[in-house]
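A.B. asks: For this one, chain R is given, so just place chain S on it according to the hints.
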Amino acid sequence: SAVISQKPSRDICQRGTSLTIQCQVDSQVTMMFWYRQQPGQSLTLIATANQGSEATYESGFVIDKFPISRPNLTFSTLTVSNMSPEDSSIYLCSVNLGTEAFFGQGTRLTVV
Amino acid sequence: AQKVTQAQTEISVVEKEDVTLDCVYETRDTTYYLFWYKQPPSGELVFLIRRNSFDEQNEISGRYSWNFQKSTSSFNFTITASQVVDSAVYFCALSESSNDYKLSFGAGTTVTVRA
Numbered sequence: 001s002a003v004i005s006q007k008p009s010r011d012i013c014q015r016g017t018s019l020t021i022q023c024q025v026d027s028q029v030t031m032m033f034w035y036r037q038q039p040g041q042s043l044t045l046i047a048t049a050n051q052g053s054e055a056t057y058e059s060g061f062v063i064d065k066f067p068i069s070r071p072n073l074t075f076s077t078l079t080v081s082n083m084s085p086e087d088s089s090i091y092l093c094s095v096n097l098g099t100e101a102f103f104g105q106g107t108r109l110t111v112v
Numbered sequence: 113a114q115k116v117t118q119a120q121t122e123i124s125v126v127e128k129e130d131v132t133l134d135c136v137y138e139t140r141d142t143t144y145y146l147f148w149y150k151q152p153p154s155g156e157l158v159f160l161i162r163r164n165s166f167d168e169q170n171e172i173s174g175r176y177s178w179n180f181q182k183s184t185s186s187f188n189f190t191i192t193a194s195q196v197v198d199s200a201v202y203f204c205a206l207s208e209s210s211n212d213y214k215l216s217f218g219a220g221t222t223v224t225v226r227a
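Heads up: the protein sequence lines correspond to chains R and S, in order. Okay, so the first sequence: first residue is 1 according to my numbering, each after it adds one. Okay, so the second sequence: first residue is 113 according to my numbering, each after it adds one.
The set of hints was computed from the structure by calculation and includes no laboratory data. Zero decoy hints are in this set.
A few chain S residues that face chain R, going by a derived Cβ cut-off under 8 angstroms, partial list only:
id, residue
1, E156
2, F203
3, S207
4, A219
Even for Gly, the Cβ is constructed at its ideal location relative to N, Cα and C.
So here's chain R without its partners, still in its complex pose (with noise of 0.2 angstroms):
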């Protein structure tokens, strides 16, 4: 199995601010994923981290806003840029061992 930390585990940030969230394994990892829930709904891909290359990211979802950075096997952060009252949501932090997935705590931002 695999121990995922995600921090900051909530915040409230004001608009035009970033935020820069942290996920730390215990494991080294091929490939590790950004995922956000909005209010109400599912969970939805924004990006895959991988090391040593560019994140790959799904549709909807840009560099620029959500930039990601990936310097080790074991470490992964994603920055909400320019948050709007929009970008409140809960996101999560989630890597596969073989084929099991498993997923941080979550963060749960409040852009006001």
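C.D. replies: Just chain S now, kept in the frame of chain R:
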């Protein structure tokens, strides 16, 4: 196209009733995995089960049971003798070998169990 469809948006039951959550999926892969997750009001995702496409055996775990039928592309979840603590949002998800096993989630079903 939606890969995972959870037809029920909300289900409300009285304690001790059984509740079945439907999940229908769509894939062209022969190798894929199906998942159920529980999300209580606190927000974390709790893993319940993973089933691979080659294993159609039904599974029972305590009050939880799952019925996987490839012929109808369904992976339904039943909670027997529901309890108030079962109140949560339940997500069905699919991962496919052709998509690096990224998860595609259904819209979720909110289950409310009343005392």
